[in-house]
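Asks: What follows is the residue order along each chain.
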Amino acid sequence: MGSRVATIEHLPRAKTPRTFFRRLRAGDHIAWAITALAAAAVLAITLLLVWELYSSSALARTKFGWSFLIGRTWDPVAGEFGALPFLYGTVVTSALALAMAVPLGVGAAIFLAELAPPRISDGLTFIVELLAAVPSVIYGLLGIFVLAPLMRRAGAPYGVGIMTAAVVLAIMILPFIVSISREALLSVPREQREAALALGATRWEATWQVVVPYARLGIFGSVFLALARALGETMAVTMVIGNTPQIGASLLEPGYSIAAVIANEFTEAVEDLHLSALIELGLVLFGLTLVLNALARLLIVMTKRKGAEQ
Amino acid sequence: MVDNLEIVREARPHAAAGPKLVVSGLNFYYGDKQVLHDISLAIPPNQITALIGPSGCGKSTFLRTLNRMHETIRNTRAEGQVLLDGEDIMAMDVVQLRRRVGMVFQRSNPFPKSIFDNVAYGLRVNGWMRKRPLAEAVEHSLRRAALWDEVKDLLHESAYKLSGGQQQRLCIARALAVDPEVLLLDEPCSALDPIATAKIEELMFSLKETCTLVIVTHNMQQAARVAEHTGFFLHGKLIEFNRTEVIFKRPRCKETEDYITGRFG
Amino acid sequence: MTRRKITNAVMFGLTGLCALLTISVLFFILGYLVYYGGRSLSWDFFTQLPAPPNEPGGGMANAIVGTGKLLLLTALIGVPIGFAAGVYLAEFGGRTFSSIVRYTADLLNGVPSIVIGIVAYALVVVPMKRFSLLAGAVALSIIVIPITIRTTEQFLRAVPHSLREAALALGARKWQTVATVVIPAAFRGVLTGTILGMARVAGETAPLLFTSFSNQFWNRGLDEPAATLPVMIFNYAISPYEEWRRQAWAAALVLLTLMLAANLAARLVLSPRGARHG
Ligand SMILES: Nc1ncnc2c1ncn2[C@@H]1O[C@H](COP(=O)(O)OP(=O)(O)O)[C@@H](O)[C@H]1O
Ligand SMILES: [Mg+2]
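Chains as they are written, first to last, in this note's numbering: chain A, 28 to 337; chain B, 2 to 266; chain C, 10 to 287.
Please note that a few of the clues may not be correct.
[To be verified] Lysine to aspartate or glutamate pairs mimicking EDC-like chemistry, simulated, CA-CA at most 20 Å apart:
{"hint": "1", "chain 1": "B", "residue 1": "Lys209", "chain 2": "B", "residue 2": "Glu229"}
{"hint": "2", "chain 1": "C", "residue 1": "Lys138", "chain 2": "A", "residue 2": "Glu221"}
{"hint": "3", "chain 1": "A", "residue 1": "Lys331", "chain 2": "C", "residue 2": "Asp115"}
{"hint": "4", "chain 1": "B", "residue 1": "Lys153", "chain 2": "B", "residue 2": "Glu140"}
{"hint": "5", "chain 1": "C", "residue 1": "Lys14", "chain 2": "A", "residue 2": "Glu221"}
{"hint": "6", "chain 1": "B", "residue 1": "Lys114", "chain 2": "C", "residue 2": "Glu174"}
Hints listed in this document are in silico derivations from the structure and should not be mistaken for laboratory results.
Could you put together the complete structure from these sequences and hints?
Replies: Set out below in structure tokens:
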């Protein structure tokens with residue numbers, strides 16, 4: 028053993044005091060405990076969120092029951108609260124936005140994922156990702172000062188209104204549709220498109236007949252995610268929807284959305300019932316986005332799995 | 002129970018100590034799938050023991066149980082006994098065990114750190130902090146791994162700048178830094194060219210002084226060149242274990258003969 | 010045969026047009042902001058407090074500092090929690106609990122930010138009986154946590170298993186392996202993701218409306234309301250005063266510049282291969 032090199036004597040061999048190692052081993056437990064605590068905090072926050080929305084809306088829920096959802100009058104002074112105008116505004120603006128953004132977004136995604144030369148595709152994708160980072164309040168700003176005057180010329184009496192909000196929303200959700208659809212298309216196995224190309228299909232035929240159907244679920248997923256975003260979008264809509272709790276005869280007329288009324292009235296709500304009604308609107312919004320997000324994830328996971336199986 | 006104990010004794014009659022590692026009745030499972038069946042053998046000290054067999058027969062799995070690396074994989078279970086110097090490794094502190102039984106993997110896996118930090122890693126996590134002894138130990142390990150002359154001016158460069166063979170020797174140096182009593186090598190040369198392989202074989206010879214080596218190899222010539230003892234695995238069973246020349250010249254089992262003459266695998 | 014080729018070319022053009030339209034939005038936004046915002050930017054904008062309505066001059070110094078403080082506080086509260094939880098999911102977690110946490114984080118990520126504002130209001134503003142910087146930071150933290158969790162887990166998982174094995178085989182404890190090998194190897198990616206996440210919450214407005222609220226003066230403590238750039242943009246844009254609207258453009262230009270700079274830095278400098286969004 029003498030031939031072993033001197034440095035080895037520095038080593039804490041088996042006879043190291045046990046406390047040293049016990050301390051180190053405790054490190055694993057400490058690390059586990061700290062990180063598990065953080066993970067549990069996520070659960071706690073979410074539960075707290077649901078509970079808070081549920082319990083703080085108790086007053087409005089017991090007073091109005093389900094008729095809250097179909098009431099057409101929102102009158103804080105009279106203490107009468109019906110959510111229908113907001114539901115209408117939220118759903119209609121989002122649906123219109125989807126109708127405008129989906130064809131454009133999926134088209135762009137097809138171009139980026141399948142048809143464009145890689146170099147160009149990378150550059151454009153990068154810009155799309157930057158676009159997704161633009162804050163919604165900036166879309167709202169442009170909505171008020173650029174889009175609303177245009178809409179007035181196009182026949183909207185006030186410039187602001189349901190249609191204006193829908194256009195702003197469409198522009199906002201476009202980058203999400205593009206980047207998620209693009210990923211769904213990219214997750215289609217190579218062999219699928221190569222097989223089609225080998226049979227003499229043109230690039231477009233391979234894309235449209237093979238790749239797009241294959242990625243269908245993922246593309247639907249992107250649509251649902253975009254819809255969830257549109258429903259919950261607050262600032263841009265608040266700034267251009269007109270903030271009038273009515274169900275107008277025309278889409279060009281002003282309306283209101285759930286998120287917008289919360290944003291506008293929350294700090295001014297002095298009556299408990301008013302606050303409670305606003306929180307119940309928050310609960311409704313939460314429920315809507317929850318369902319849509321769950322559906323979207325399911326679809327995206329299903330496409331990915333399909334890709335992995337092959 | 003341990004059927005090759007005699008062979009070990011016979012090989013080194015003058016060895017004061019018994020076998021370095023004694024494995025008895027080892028069964029191993031990935032989930033429900035049993036991949037090792039009732040393995041028993043003894044590994045003689047300060048020698049090189051080679052394990053050969055077709056791929057998928059459980060050599061790597063067996064090697065991993067010797068320093069409990071299998072515990073890093075979910076859903077694994079080992080039954081049976083492994084004694085290191087007569088001490089049950091399952092009862093030992095796993096970190097102490099791995100300090101004493103080091104491992105070198107098939108694909109070299111240096112950390113994305115400097116060469117120095119790679120070699121110093123095992124010492125640092127064991128509480129070595131002072132600069133001087135650390136630097137000495139790093140130099141010593143690199144010398145033992147015959148890498149010092151090649152890297153002494155690059156100590157603070159990224160380990161990824163080294164060639165494949167150098168990276169593998171760096172991994173050996175890293176394992177040697179904590180001064181293990183046993184070094185397990187899992188196909189250490191499978192990704193290397195013949196020159197790098199020769200260097201590592203040379204290195205293994207020089208390490209016998211201070212270490213017990215167990216090497217898994219798919220290369221039978223390599224086993225024949227370096228190992229005093231060789232074990233042949235097939236379908237999760239240890240078919241034959243003997244002195245290397247016996248295995249290669251007069252195997253007792255038909256399967257062994259078939260394998261070394263290249264009739265399958 | 011030729012018809013098929015024509016279809017091919019036409020569809021190439023059409024989808025290309027879609028892509029062009031999509032990205033043109035960015036240049037459109039940039040153009041307007043630079044044109045209107047640039048005209049309204051002045052040294053005063055960065056150094057002065059807001060002026061009362063209809064008085065010329067004034068700036069948003071308090072909002073710029075407020076946004077900075079808010080982000081710092083968010084980085085101190087939200088990022089560590091998200092990071093630790095991400096480490097748990099990638100390294101320490103059992104199967105069932107991890108998938109519950111993962112699913113919950115995804116769910117939280119999809120909650121509209123205005124709803125998060127309500128919750129932060131209930132959790133912080135109501136007990137403290139006042140709007141506060143802290144409440145705003147809590148709201149933004151709730152938003153940033155799921156983003157951080159996801160990027161952390163993703164980048165830690167991308168670290169090869171062989172590096173973990175190497176460390177463990179050298180006698181490192183699990184926590185040492187994670188702290189000295191896995192996290193350093195994933196560091197750039199995690200940092201990139203974190204910067205992108207912070208950039209995203211920097212522009213959040215809705216959850217601040219009734220948490221950090223707004224303030225015409227300097228914020229002097231965690232328990233006071235604070236002006237922030239996004240909320241100022243909103244308040245000024247919907248105001249009837251010409252001067253305030255001009256300042257809203259200027260503030261939007263500053264905010265967008267900051268966000269684009271953070272995005273470019275994160276995507277180009279820190280991780281050339283690009284961290285994915287989310
Ligand atoms: N992580 C694992 N999970 C499940 N089965 C595994 C795992 N690793 C190896 N196996 C299986 O165990 C058997 C032995 O593998 P291994 O020990 O790697 O063989 P060898 O090193 O001899 O090629 C093989 O059948 C292999 O498929
Ligand atoms: Mg193997």
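Asks: Confirm or reject each hint.
Replies: Cross-check of the supplied hints:
1. Annotation: proposed proximity of B/Lys209 to B/Glu229 holds, straight-line Cα distance about 11 Å (limit 20 Å).
2. Restraint check: the Cα-Cα separation between C/Lys138 and A/Glu221 comes to about 64 Å, which exceeds 20 Å; the hinted pair is violated.
3. At most 20 Å may separate the alpha-carbon atoms for a hinted pair to count; A/Lys331 and C/Asp115 meet this at roughly 17 Å.
4. Restraint check: the Cα-Cα separation between B/Lys153 and B/Glu140 comes to about 8 Å, which is no more than 20 Å; the hinted pair holds.
5. With a C-alpha separation of about 18 Å, the suggested pairing of C/Lys14 with A/Glu221 holds against the 20 Å cut-off.
6. The hinted pair formed by B/Lys114 and C/Glu174 meets the criterion: a straight-line CA distance of about 16 Å does not exceed 20 Å.
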